[in-house]
Every structure is written in C-alpha cells, then in structure tokens.
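*Asks:* Sequence:
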Amino acid sequence: MSLDAGLGWFGDPDHVFRASAVLLGIGQTITTLEYLAVRKELSPGGVYPWAVMRCSAPHRPAALDGVRDALFGAPGVVGLLVLRLLAAATLVLATAEALTLVAVVALAVLLVTFSVRLRWGQEAADDISVQV
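In short: position in the sequence shown from 1, add 16, done, that's my numbering.
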C-alpha cells in the first residue's frame, strides 16, 4: 500500500485545513460555552473582574483606555464571547471556503483579544488554539 493511499482523505491539503478548522471550532465552542457559563466571574465581584485584570495591561492613551474598558468590562466581554461562539460555530458548520476563512481570521483576532482580557486562568488548550 502506498503512502498516498494510506493518507486517503487527508492527502489533500484542503481536506486537512477543513478538518483542522472543524476541530478548532469544536474545541472553541466548548471552551466558549464554559466561559459563558461562568461569565459572572468576569464581572465586578467575580474572580477576574476587569478592574483588577487591567492592572497588568500597559497604560494607553485615554481614548484607547475607554475602548478597552468598553470591550473588556462586564457587558463587553460577554459580547466578545458571543462573537467567539459564532465564529467557532461557523467553523464547524460552514462549507463555503470564504466563510471558513473569515471565521478563522475572526476567531484568531478574538482569541488574541481575549488573551489580553484574561491573562491568567487560561489553560494550555487556549494557547494551542491561538497557535493553530
């Protein structure tokens, strides 16, 4: 049996990309649902409130601080998580290549953005997801 025959479906780079995107989408869907289930821990009075987490973020001009506070505060971070869930679900369900590409880029941006919001308390899978 040749190597190409053994690889079968995964011998095509497009299929490999699609399989990787689906696996990434499934993993991020699960992780995001977990974050949404404990979203009160990201709000004031929780374990990871933005008022505390922002202390480790470098200071920026006032205009950027305002944007960052709006994004990473209690209602904004839930919005980011909902967008992350939509991007992850799109990776799993979409069949159009262009839509998958948009979802991959959106998810990458959201993962990096969320890593700024929550510098501690993430697991190794979060780091690997950013790399994938």
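No lab work stands behind these hints: they were computed from the structure. As the structure is a computational prediction, the values presented were derived from the model and not from experiment. Careful, some of the hints might be misleading.
[Said to hold, decoys possible] Computed beta-carbon distance windows for the label pairs: (1) Asp28 to Ala114: 15 to 23 Å; (2) Leu117 to Val54: 26 to 34 Å; (3) Ala67 to Thr111: 37 to 45 Å; (4) Arg55 to Val83: 37 to 45 Å; (5) Ile42 to Val118: 27 to 35 Å.
Glycine included, C-beta positions come from ideal geometry on N, C-alpha and C.
*Asks:* Work down the list of hints and note, for each, if the structure agrees.
*Replies:* Each hint tested on the structure:
1. About 18 Å separates the C-beta atoms of Asp28 and Ala114, a value consistent with the hinted range of 15 to 23 Å.
2. Range check, Leu117 to Val54: Cβ separation about 31 Å, and the 26 to 34 Å hint holds.
3. Against the hinted window of 37 to 45 Å, the Cβ-Cβ separation of Ala67 and Thr111 comes to about 43 Å, which satisfies the hint.
4. A beta carbon spacing of about 21 Å between Arg55 and Val83 contradicts the range 37 to 45 Å that was offered as a hint.
5. The hinted range of 27 to 35 Å is not satisfied by Ile42 and Val118, whose Cβ atoms lie roughly 18 Å apart.
Hints 4, 5 from the earlier list are contradicted by this structure; the remaining hints agree with it.
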